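Below, each chain spelled out in residue letters.
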Amino acid sequence: MTWLSDQVVDRLQATLRLPDLSGTRYRPIRYLARGGMGTVWLAEDTVLDRRVALKILDAADHSGELAARLLREARILARLEHPGIVPVHDAGTLGDGRVFYCMKYVEGQRLDHALRNINSLPERLRLLARIAEPIAFAHSKGILHRDLKPENIMIGSFGEVLVMDWGVAKVKGSAPTACLIATPATTGEAAEEKTEVNRRLDSSSTSATSSLNLPETGHGGIFGTPGYMSPEQTRSDPVDERTDVFSLGAILTFMLSPITTGQADSSSQPQPLRPVPRPLQAICAKATAPERVSRYASVEDLSADLARYLEGLPVTAYREGFFERAGRVSARHRVAIVLVTAYLLMRLLLIFFSRR
Amino acid sequence: MNKILVGLLLGGILGIFDGLTAWFYPEARAGIVGIVIGSTIKGLIAGVLIGVFARKVNSLAWGVVFGLGVGLILAFVVAYMDGHGYYFKIMLPGGTVGLIVGYATQRYGSAAHLQRT
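Respectively, the protein sequence lines represent chains A and B. Under this note's numbering, the first sequence has 52 at position 52, and the numbering climbs by one with no breaks. Under this note's numbering, the second sequence has 1056 at position 56, and the numbering climbs by one with no breaks.
Looking at chain B on its own, in the form it has when it is part of the complex (with noise of 0.2 Å):
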């Protein structure tokens, strides 16, 4: 599969995953529908972002850390913008999801075909 495929793809099921435990959080219950779809976005943009990247790198390393960064600051972003300070809660998992992308678009996806001209 290609790689930015297997990026949006995980992204997109992670990102679904990771806000649908908002509902275990009663604070947060109330507001789940719209947490579950900025995560989803957020898991969808992470996806492409680290599959364009294993597409230009191959490099399972690079891969994973790469990955990881654009978890983080992702989330970092959701957190800000939230506003209630919980960085720790959202950049953790926020950034496990971006390493996890980030070594699947690199072990399953396959290499961009080459063209012939």
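Bound conformation, chain A alone (with noise of 0.2 Å):
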């Protein structure tokens, strides 16, 4: 009797593991993740001749809850046509039952392991303003994310930046869904340095499945990451666009903290400011503040106060001293402050040497 050897084994079983995808356009390439809904496959779209994602349900679902569940998905994201999410091509069924969508297949990295290389305030904030596009968006079309954290951030390989994990999005005016989500935040350092976007896109359906096993909560559910969570979604509260501005608002503390110059681990909680100016802690503190109407009214103004940051204007969330005024007003216009300076002491040196 021959054994087998452990490659071969593995081989055996990647193999098995394969989704059937006969019928269908797709062939299976490899395994990217697994969630407890689905799994999600790189595939070979044969009619394209393009490589895409598969997310397909685990088993064929009798009851159609998580077929549903995935199926909406999918539509949320078909709805939000924009560069910074991951476009959805097709959805179907297979031909043993599951329900499968196909999308994008990106690379690139999570925005904790791409802060390793960014090591530029300004660089930072204008990557925050970028991940904040898509998100208004979204927001225009009345979809809320909910579940936004570092780890749901891809900057591609072209620093393209890319909104991942819609799975627990809400169509606002919607009824609110029985089931509770609580995404924990996953460890970065363990995480591999070059991470395919779609690795990302089954953490959700993880979340869901192990929803199906929690107590339903009264109001409807808890959707997020605790540390990314806002307050009212932690207490299952009615949320609005507001919800997501304090997301935002925690990863751009997230992206501030020392803790995003080193090992990047976005499962601690945001630190301290230490060097951050202060206008920007004021930025951080108004967007997490925890009464939602302290807060910025919408992504947009968020993103507004940052823009002025960056261009040396005054922000709203933070009251300036005369002192602090002349600082950011000389910094705006330090070289122009230098040509008159350097004008005035050479007439003046002029006139001196003129004189003797």
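In case anyone wonders, no lab produced these hints; they're calculated from the structure. This one's a predicted model, so the numbers in the text were calculated from it and none came from an experiment. We put the beta carbon where it would ideally sit given N, CA and C, even for glycine. Hints may be right or wrong, so weigh each one.
Claimed, not checked - Going by beta-carbon spacing under 7 Å, a handful of chain A positions derived as facing chain B: (1) 72; (2) 350; (3) 352.
Stated by the list, open to error - In silico negatives: residues of chain A with every beta carbon more than 10 Å from chain B: (4) 44; (5) 64; (6) 67; (7) 68; (8) 90; (9) 94; (10) 107; (11) 137; (12) 298; (13) 310; (14) 325; (15) 335; (16) 342; (17) 343; (18) 347.
What the hints assert, rightly or not - Restraint ranges, calculated between C-beta atoms of paired labels, are given here: (19) B:1059 to A:314: 21 to 31 Å; (20) B:1087 to A:278: 43 to 53 Å; (21) A:336 to B:1056: 16 to 26 Å; (22) A:107 to B:1056: 39 to 49 Å.
Assembling the complex is the task here: the two chains are given apart, and the hints tell you how they should meet.
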């Protein structure tokens, strides 16, 4: 009797795990990620000859609940046609009854990893402004993300910003969902430096399945990640755009905190800001205010304040003193001040030497 | 503010200031009115030229180089017309004024609005 080597066994298991995509235009290539609700596969679109990511339910869902949830996520993504949101190409049912959807396959780095290579403060702020764009777009379409965190932001190989994991997104005005989803923040250190974007796409599925074993909440559900979840979300109160403003504020705090410079670990609570300018601290504080009435009314307002800071203008979140104002104005017009001073000095020197 | 307007204002103000400094030179004090008027006109011409350039070429570096060039050329013309050979005393501040106007038009002037057709 011949024993099979571990390598051969692994290969056989990998082959057995491959989904049966017969009857579809897709050919499985390799496994990307696994969650409770489904698995994400790298596949080839044989018609268009391109690589795509397929999110497939683990098993045929007789109750229809998981299938409905997966399709709901696909529909939400399909509604959000934006460069900062991964597009959905297709959705359907496999021969064995499992529901799937197909999306763009993108390679890149998670935000917490990408930050290791971004040390300039203005660059980080501009990055946050770009993260806010797809969120603002989603809000304009009546969709709240509700699970924004560094692990759900991907920076593509060409620097493009992609907001992932819309699995717990909420369509404004829709009926509350009676389940509890609390996604734990994953440890950044443990993750690979170069990860596939679509690897992240399944975390919501994990949560969704675990939610089925959890008790129902009175008002609907708790969705999100501790540390990035707004207080009203933790209380399972009704939420609006300001819940995403809170999460963006927490991401901004994370981006500006010392933990992002060395060991990226978004599971840690955002640290107090040390060398960060006061106006930025005020922006963080306003965005993450416990009472939502104290927060920015919209993501656009938060972005506008960041843009004002970057341009050297006063921010709405911070009332500056006279000396701070003078310092900001002189920093903003530094070159002009240096040029005029140089001109005046030169004039004085010319007068001085002409009199000797 | 419009780039040409920025150039015109700054060129005019710096031109007046540049002319007024002649008061510190006893030999030029008698003709200070003429100097101030001439310097202001020079500043305005430089401001318009640099402003028009800034509207056409949206580059800080080129704006500064062009401003410096215009300032130096106009100052050279003035120094040549003066006939006393104060090339250094006139061209150094003139060039600096041009450089400042060149920087300011690019940095603070707003681009021309696109017109719908």
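Assertion that residue 137 of chain A lies farther than 10 Å from chain B (Cβ): The assertion about residue 137 of chain A holds, with a minimum of 24 Å to chain B.
Is it the case that residue 90 of chain A keeps its Cβ farther than 10 Å from each residue Cβ in chain B? Holds, since 40 Å exceeds 10 Å.
Just tell me: holds or violated, for the beta carbon distance of residue 107 of chain A and residue 1056 of chain B against 39 to 49 Å? holds, 42 Å
Checking the smallest CB distance to chain B, is residue 298 of chain A really beyond 10 Å? holds, 27 Å
Run the C-beta distances from residue 310 of chain A to all of chain B and say if the shortest one exceeds 10 Å. Given a closest Cβ separation of 15 Å, the condition holds.
At 10 Å, judged by beta carbons, does residue 347 of chain A keep clear of chain B as stated? violated, 6 Å
Claimed clearance of chain B by residue 44 of chain A, with the beta carbon kept past 10 Å: The claim holds: residue 44 of chain A sits with its nearest Cβ about 44 Å from chain B, beyond 10 Å.
Residue 342 of chain A and chain B, when compared Cβ to Cβ, separated by more than 10 Å: violated, 7 Å
Measuring Cβ to Cβ, find out whether residue 343 of chain A lies farther than 10 Å from everything in chain B. Since the minimum Cβ distance to chain B is about 5 Å, residue 343 of chain A lies within 10 Å and the statement is violated.
With 43 to 53 Å as the target window, see if residue 1087 of chain B and residue 278 of chain A comply at their CB atoms. holds, 51 Å
Just checking, residue 68 of chain A versus chain B, shortest CB gap more than 10 Å? Correct as stated: the minimum Cβ-Cβ distance to chain B is 48 Å, above 10 Å.
Checking hints one by one. Is residue 350 of chain A an interface residue toward chain B, by the C-beta closer than 7 Å rule? For residue 350 of chain A, the interface hint holds, since the closest Cβ of chain B sits about 6 Å away, which is under 7 Å.
Violated hints, in rising order: 1, 3, 15, 16, 17, 18; the structure is consistent with all others.
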